[in-house]
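Line by line, the protein sequences give chains A and B.
Here our numbering is used: the first residue of the first sequence is 1, the next is one more, and so on.
Here our numbering is used: the first residue of the second sequence is 1, the next is one more, and so on.
Hints are computed from structural coordinates only; laboratory data are not their basis.
A hint or two may mislead.
Said to hold, decoys possible - Below 20 angstroms or equal to it, Euclidean Cα-Cα: the simulated SDA-like pairs (lysine to any residue) are:
1. Lys182(B) / Arg78(A)
2. Lys150(A) / Glu176(B)
3. Lys150(A) / Ala170(B)
Stated by the list, open to error - A partial selection of chain B residues facing chain A, derived with a Cβ cut-off under 8 angstroms:
4. Thr158
5. Tyr232
6. Thr249
7. Met253
8. Asp254
9. Ile258
10. Ser271
11. Gly272
12. Thr275
Backbone N, C-alpha and C fix where the C-beta goes; we use that ideal spot for every residue, glycine too.
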Amino acid sequence: MKKAILFCLAACLFSANAGAQVFNHLSAGVALGTDGISIELAAPLGNHVDIRAGYGAAFGLIGVKATDISMPEHPGERNSASVDVPLKINLGMSDARLLFNIYPSASKGFHFTVGAYLGSPCFARGTLTGMPSDYNTVGFDVDGYLVKAKDGKLVTELRAPGLGGDSFAVKPYVGIGFGRAVDPDKRVSFSFDLGAQYQGKAGLWADGEGVTGRIQKVQLTQEQVKDVADVIDEAGKYTAFWPTLSFHLYVKLF
Amino acid sequence: MKKLLSVAAAAALLSLFAACDKNNDNNRFEDPRFIQYAGQLVPRDGTPATASARATKSEARPVDVPQSIELTESGLYAIGQLVEGELVYRMGDYTVNGNVYTLNGYGTVEFDNAAPGPVTMHLTPDGSMTTDVAADFNKAAGTNQLYRGWTVDKTRVTVQGWTTASADFAGCDFSEIADFLKKNGHKVPDDIKPGQSLRSISFTGTEKMLFYYSDGSADVSAYRFNGKSFTYRWDNDKMGFTFLTDQATVEYMDGKCILTIRASIQDSTTSGSVTFVLSPMD
């Protein structure tokens, strides 16, 4: 069924573009959105389709801070002094994008967009700061890898694979938009896109240290993050489809 | 073009093999320095055969004949002696000149080390007269790279309760670990001296495991090794009294030997393990 749909889509694209010129223009663009800051190149595949390829990242963007978190100074001694450990959450995407704008009209800007985001499964980072020194020594053991603070900081990541794997995510994207990535009549063009990436189920990950010092990303289980497991589960439901709103500025190079 | 592709493919394959070799070499160690001199001396019945007339000094005193002398592949020795009915080990390093072993901090022992079997060892502790003792020399079968001395780079203590928590410590400083546990609400023995640490762990080809501490003392156990895991039994009953299991595993990773001793804690639902990250002494 999937193959049949893809075949039909490809047939439509090719029939719509039959006889049209491809790659006869090239635009470079920058964008800002809920998928981070990105740069991209765009080229027409005929009058109805543009191909867009680029890279985007959102390290440190859109941060929220929770200041009402505290933990005992000594992890094994619940009655020891309570220490505030502010939690800062930021976006954390870093991925390549391959997208196709499909324009129903050869001259108007309205378009559908399909494609995928490819790269790191991480989409948000949470950093606990000011952790007491004991937490630099003790941590969760995840399959032989020890997750603990480093210099008083514990960095965790919300990661989702989409259709990919634990180390490389493939997140399909579908959306609509206005404006053309490559406008044959104008040197500068704007566009606006609204859609969603399918991320799949998110999990909480962190760097774990093997006994020999080897660092590896490991997923924390519900047991290990008992206190926040429900929150992560709830967040996972909402982030299965990542809303993507972005604004683009393109300059036609030729 | 074909040639170019072939060369590129060959280069890629070679680099792949080189990477594999490097990986294997990483976990393969040179033979230790004293592999041909290592072994175990066990006096027969623990009594001297004859007291020699060769006194080293006029004030020399009689020899306390050891229960055993372990001579490790990495040049460490452990002497077990009965002190007030309790087996106590002390360790140090040794050098060899022919059949004469100089045990630094103890004295010398001379015997025919060419082959295993019954020997007469001439035992001369520092400041004591030489004593000839009938003994059995068990020569180490030094074929396994585990049989050597290992220094402790890191200790990971893991406790399994409602979740699995671990703590990493550089080296193995008992007072540091004890302080950490104490701060975290655990009871620890109060006889741990400040700065007391585990200096090295040795495995011998005569199937003895030696824990060598910073104060020169040692704990010794006999073990049976099957290539990956082993069972052990401490010579001194006081060692390991809370450990209900007597099994440990060995693996090699990133040029290190990883020794994990698992334990169930007596009268407790929790279990735990201690993992030592070890580097070869030579």
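*For this structure, which hints from the list above don't hold up?*
5, 6, 10 and 11
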